[in-house]
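Participant: Sequence:
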Amino acid sequence: MCLDKQSNVILDNRLEKLRRLRQTINFGTEKERLDLLEKINSKIQPEEMNSLLLEAVKHVSEKDNETSEIAHEFIDFVVNSGYEYKPADVVEAGKPVLRVTPILYLARKDYRTGCPPTANIMAMVIKLFNIYKNFNVNYTDEAGLTHFHAACMARCKHVIEKFLELGQDPNVRVGDIGDSPLIMVLSNSWFAELLLRSGADPNLANAKGLTPLHYLSTFEDDDDWPNVLFELSHDKYRPLQVNAKNNSGDVPLLYALKRGHKKLTEILLRQGANPNLDNQNGMTPLHCVCAHSADVDLLRMFYDINEELHQTVHTNAKDKHGRTPLYLALHRDMRQMVKFLLMAGADPSIACGKGVTPLHVVCDKYRDSSSLATILLQLSHERFRPLQINPQDKSGNTPLHMAMARNNKNLVKLLLRHGARPNIINKAGRTPLHMLLDRQDSDKELLRLFFEINEAKKQPVRIDGRDKKCCTPLHLAMIHGNRYAIDLLMTKSADPNSAQEKESTSVLSRIRKSIEVDGELEDEFDDQNNLAPARKLRKLDPNLANANGTTLLHVYSMIDCYQQLVDLLPQQLLDINAQDELGNTPLHWALSGKYDKLLIELLLWSGADRNAANIQGQRPLHYICKRKDKEIRDIHDLMELFFEIDGEVEVDAIDNQGLTPLQLAVANARPDMIDILLDHGADLSKFVFPNASNFAERFKNCFKMCRFPKKTSKEKQSGYIMLIVKVGNLLQTQCYARCCRPKE
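Oh and the sequence shown: position 105 is 105 in full-length UniProt numbering, straight run, nothing missing.
Because the hints were derived from the structure by calculation, they are not lab data.
We put the beta carbon where it would ideally sit given N, CA and C, even for glycine.
A hint or two may mislead.
[Claimed, not checked] Cut-off 16 Å, straight-line C-alpha distance, at most; resulting in silico cross-link-like pairs (EDC-like, lysine to aspartate or glutamate):
#	residue 1	residue 2
1	K409	E382
2	K133	E66
3	K339	E382
4	K686	D637
5	K208	D176
6	K354	D364
7	K409	D368
8	K263	E220
9	K394	D364
10	K354	E382
11	K263	D235
12	K258	E307
13	K409	D443
14	K492	E452
[To be verified] Quick list of simulated restraints, FRET-style, between CB atoms:
#	residue 1	residue 2	range
15	S349	K458	53 to 59 Å
16	E84	R270	31 to 37 Å
17	N171	V100	33 to 39 Å
Please take these sequences and the hints and turn them into a complete structure.
Facilitator: This is the structure:
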């Protein structure tokens, strides 16, 4: 047995003495036992024995079987010897004595954590009471736990009876926890009856304000034990406080209903429980049924008993958030409870603190909740009909706003057919149509039905309504790339030239934001078989520019709408070289998107400026030379076309980073580009190799080779450049081959 270091030597000496004594004793002989007891009393003082037993019980539950076995063996030895703990100090009978004993150690070990003691611990406590027999003294620890409490926890019948016979107060509570002995034995009717007959107070609450009546709901609901509690209570404690509130304001009835205990609920009601008392959160017993139970029979029984007792249930009571029981039942999809409450007079128009009505609750669900809405519409009490279809919460949302935001098709149909108005705006300026289109996965069928039903009811839908951010439904459809919605809205005469007043941003800007100007096109319009939305954009003013300077020509150039450009370019006064806020022309946009040879040729032959520089100083030729490897297959034809058209091309133009097209071609390892640039006059005399940061990662090693002797001729420099680029391409090919080689 592993003992504390401080007492190890002393206790080892005492144990050694006991072992020697034990070896000489026959426990079957009374005389020898008495002799042993006399020797123990003469050799070991009571407090020393208490310390030994205390050390032993610390190890009775250890996983180390050997240590635990030694502990049990020692305790059995002391018990069998008939040893009785008799302290040297004498106290007045019935007074608690502060002392940590083995019994208190075992009892408090699990009690402080809220766990009931195990069967082994309880058995050990009962065994130790054979040693600590002086029941006129009630030992206690610093937390207020006593031997009497330990006896109640261990269900030690003879000990409890002995304590009570000697005048023990049955209502002594445990320190700061405040549990009474009655609370400890409440799960066992025999022990509870014993305490009640001895004067235990059934109204005594612990530190949390919980009385025995509160604790009854934690047990099985299958016997008449609660009735016994009422019958056996001492006259001075009657009537029982059935409406006692704990620290949170909960009454026993609320606990019983929360746990679905029908029998206890009936007993409490018939004993005078108030069915409408609320807790600190404003929750009544009826709220608790609707928030926690799925048993409509419990709800029905609750109403039936109260009707029998002529007690009115407050069906429309509100909690501190303004929620009614109906609100809570709807939130949990308790259809049968909803039906019962409506037939009992629940008001479906009562709004909570945020202005949310029961119909809002139904509509704010992702799953199909049309059946719940139908119940509300059909079963509402006559005095609450017709049900308000268009109430607005504090955010201005109607049930239709919520149903549209949740893509709830069946619910939207139901609401519209019962009078929901499609154009009510919320505090954000949004209509239900805004709510539907401001999501990535708007239901196409729902959008179609929304227009179809409103047209049938001759309710025009606001197509171009702006929210507080000045977004129209068409703006939202463009933001989320909703092709179907764009097409449908355009057929409904949505205005594509409608600009956002705060930002002067039209639909053009929304298209532009869905495009990576410096990267690849988002494939919103890359399928030439799905250009219906793009074709609808023909209604746009071709020279209309947004705050970013973007025109329709920019858009068509970026999304490769060749046919649309063919139709657009013949129009008069069209600015082929319009620049956006970044200085990019339609030709810049066309070269930064997916490569479309026909489209680029069309722009070039239509007069696109090949030398136009954006704010970064980059010309269209820079854009070509920085394209990724293999991106443009017929680069030769494109660059030849660039130089074929009349007019000078600034082949040595320098951008803001100091780079020329030739430097970009070298950094990009494109010998085909380098050849064409040199053939068309690229100046080698001013050529400076790009920095390592300008090279693609795979060509960084080649950059280390780019060091010319001072007197190297231009011809040799040109040859070196081509050689280095070709070596770079060879290394790339070899690297690719290694990476793609199948595993052996």
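Participant: Next step is simple, just say for each hint if it's right about the structure.
Facilitator: So, going through the hints one by one against the coordinates:
| no. | hint | in the structure |
| --- | --- | --- |
| 1 | K409 - E382 | violated, 28 Å |
| 2 | K133 - E66 | violated, 29 Å |
| 3 | K339 - E382 | holds, 14 Å |
| 4 | K686 - D637 | violated, 27 Å |
| 5 | K208 - D176 | holds, 10 Å |
| 6 | K354 - D364 | holds, 14 Å |
| 7 | K409 - D368 | holds, 8 Å |
| 8 | K263 - E220 | holds, 10 Å |
| 9 | K394 - D364 | holds, 15 Å |
| 10 | K354 - E382 | violated, 26 Å |
| 11 | K263 - D235 | violated, 25 Å |
| 12 | K258 - E307 | violated, 21 Å |
| 13 | K409 - D443 | holds, 8 Å |
| 14 | K492 - E452 | holds, 11 Å |
| 15 | S349 - K458: 53 to 59 Å | violated, 27 Å |
| 16 | E84 - R270: 31 to 37 Å | violated, 50 Å |
| 17 | N171 - V100: 33 to 39 Å | violated, 24 Å |
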